[in-house]
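Here is how the chains run, residue by residue.
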Amino acid sequence: MDPELLLIERARNGERAAFDSLVDMYKGKAFALAYNFTGNAEDAKDVLQEAFVKAYLNIGKFRGGSAFYTWFYRILLNQCKDVLRKKQARIRVLVEVREPADEDDEAPVEAVDNGPGPRKALLNKEIREKVDEAINRLPEKQKITFVLRHMHGMKLGEIADMIKCSESTAKVHLFRATKNLQKALSPYIKTEGGGEYGVI
Amino acid sequence: MASFKDIMDMISKRKAPEPPKGFWPEFDRELGERLDAIDSRKSNRSYGFAGWLDGISFAFFQPKPVLAAAMFILALNIVLFSFASRGPTLVSVALLSRDDLAEELVLTDQLSSGENIVDF
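In the order they appear, the protein sequences are chains A and B. In terms of the working numbering, the first sequence is numbered consecutively and its last residue is 180. In terms of the working numbering, the second sequence is numbered consecutively and its last residue is 601.
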């Protein structure tokens, strides 16, 4: 039996140690997701704790029809929405979360500019800010789909399961999100020789 | 200028955010305390009326304002209904004691006499 399934089964039977192991397995990735939507570590912590508490209380209802993390991410996303709704804020997605530790830590956007170093860095920073802004402006479902697909590498089927829609609907959300981003970033995009970017 | 593909690559290659130092120990401690509290409530809940009461109070203090409000209104309705239903009740004559029965008959007689006086 898959060790994860075994842990889930044990947790469903009320074994606390098994649930703690599940927390350890998913807390890192889940924090990244919570941070992407809340925009700060403190809110991300609160949201994540609340989501784990809800998962603990409701793990008996988890039937295993989907992956555990899809089920848990759904709880987490709903929690993020609740918190942000309370704060009267729209979901904020932060692409840029931290500055790289050194120059090589993160590959710069290629072909941004051939000018001198500081100017190139400035342009990169400007593009990142514009990307953040463009993602933040996307409608909620497009934003969720885009972030989960491109920033968390989830499959369309999993995303569809999370936002409770068909896979083809999730694909449409992703397509529209990509189109909207392309439109919003058009002043910064080199068009020569480049076709349209596919969604998958 | 960057191509859109470059921008998409940049987004996909971004590293996951790192929580600040000391974040995980604090997180684990706080979450552990909350789960411990749930465990102790769960074990208490299975023991009789006190457990039932604890369960109700737990449900009330969950961060679900709508549920809490709905439960409060339900409880209020039950209380109001029980007070409203405590009106005069009918008792079978067969259940009255001899003295009570005599008293009732006297009262009935007086009442009908009184009505007659009023009528005439």
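No lab work stands behind these hints: they were computed from the structure. Hints are supplied without guarantee of correctness; some may be wrong.
[Unchecked claim] Below, computed lysine-lysine pairings styled on BS3-like, alpha-carbon distance capped at 27 Å:
no. : chain 1 : residue 1 : chain 2 : residue 2
1   : A       : K9        : B       : K496
2   : B       : K523      : A       : K159
3   : A       : K9        : A       : K144
4   : A       : K121      : B       : K523
5   : B       : K496      : A       : K121
6   : A       : K41       : B       : K523
7   : A       : K170      : B       : K502
8   : A       : K163      : B       : K496
9   : A       : K135      : B       : K494
10  : A       : K9        : B       : K502
11  : B       : K523      : A       : K170
12  : B       : K494      : A       : K110
13  : B       : K523      : A       : K135
14  : A       : K163      : B       : K502
15  : B       : K496      : A       : K151
16  : A       : K110      : A       : K163
17  : B       : K496      : A       : K7
18  : B       : K502      : A       : K159
19  : A       : K170      : B       : K494
20  : A       : K105      : B       : K486
21  : A       : K135      : A       : K67
22  : A       : K34       : B       : K502
Predicted model only: the values in this text are computed from it and were never measured.
Now for the hints, and whether the structure bears them out:
1. For the proposed pair K9(A) and K496(B), the alpha carbon gap of about 11 Å is at most 27 Å, so the pair holds.
2. Distance restraint check for K523(B) and K159(A): the Cα-Cα separation of roughly 50 Å exceeds the 27 Å cut-off, and the hinted pair is therefore not satisfied.
3. Taken as a hint, the K9(A) and K144(A) pair is honoured in the structure, with Cα atoms around 21 Å apart against an allowance of 27 Å.
4. Note on K121(A) and K523(B): the hinted pairing is violated, with a Cα-Cα distance of about 37 Å set against a maximum of 27 Å.
5. Straight-line distance between C-alpha atoms of K496(B) and K121(A) comes to about 23 Å, which keeps the hinted pair within the 27 Å bound.
6. For the given pair, K41(A) sits about 16 Å from K523(B) by alpha-carbon distance, which is consistent with the 27 Å threshold.
7. Only pairs whose Cα atoms come within 27 Å are accepted, and K170(A) paired with K502(B) is rejected, the gap being roughly 40 Å.
8. Restraint check for K163(A) and K496(B): satisfied, since their Cα atoms lie roughly 25 Å apart, inside the 27 Å limit.
9. Restraint check for K135(A) and K494(B): satisfied, since their Cα atoms lie roughly 16 Å apart, inside the 27 Å limit.
10. For the hint pairing K9(A) with K502(B), the CA-to-CA distance comes to about 17 Å; that is within 27 Å, so the pair holds.
11. About 60 Å separates the Cα atoms of K523(B) and K170(A), which puts this hinted pair outside 27 Å; it is violated.
12. Simply put, K494(B) and K110(A) have alpha-carbon atoms about 17 Å apart, close enough for the 27 Å limit, and the pair holds.
13. Restraint check for K523(B) and K135(A): not satisfied, since their Cα atoms lie roughly 37 Å apart, outside the 27 Å limit.
14. For the suggested pair K163(A) and K502(B), the alpha carbons sit about 39 Å apart, so the restraint of at most 27 Å is broken.
15. At roughly 24 Å between alpha-carbon atoms, K496(B) and K151(A) fall within 27 Å of each other, so this suggested pair holds.
16. Taken as a hint, the K110(A) and K163(A) pair is honoured in the structure, with Cα atoms around 12 Å apart against an allowance of 27 Å.
17. Distance restraint check for K496(B) and K7(A): the Cα-Cα separation of roughly 16 Å lies within the 27 Å cut-off, and the hinted pair is therefore satisfied.
18. Between K502(B) and K159(A) the alpha-carbon distance is near 38 Å, which puts this suggested pair outside the 27 Å criterion.
19. Only pairs whose Cα atoms come within 27 Å are accepted, and K170(A) paired with K494(B) is accepted, the gap being roughly 20 Å.
20. With a C-alpha separation of about 17 Å, the suggested pairing of K105(A) with K486(B) holds against the 27 Å cut-off.
21. The straight-line distance between the Cα atoms of K135(A) and K67(A) is roughly 30 Å, outside the 27 Å bound, and the hint therefore fails.
22. A threshold of 27 Å between alpha carbons decides the hint, and for K34(A) with K502(B) the separation of about 26 Å falls inside it, so the pair holds.
The earlier numbered hints that this structure contradicts are 2, 4, 7, 11, 13, 14, 18 and 21.
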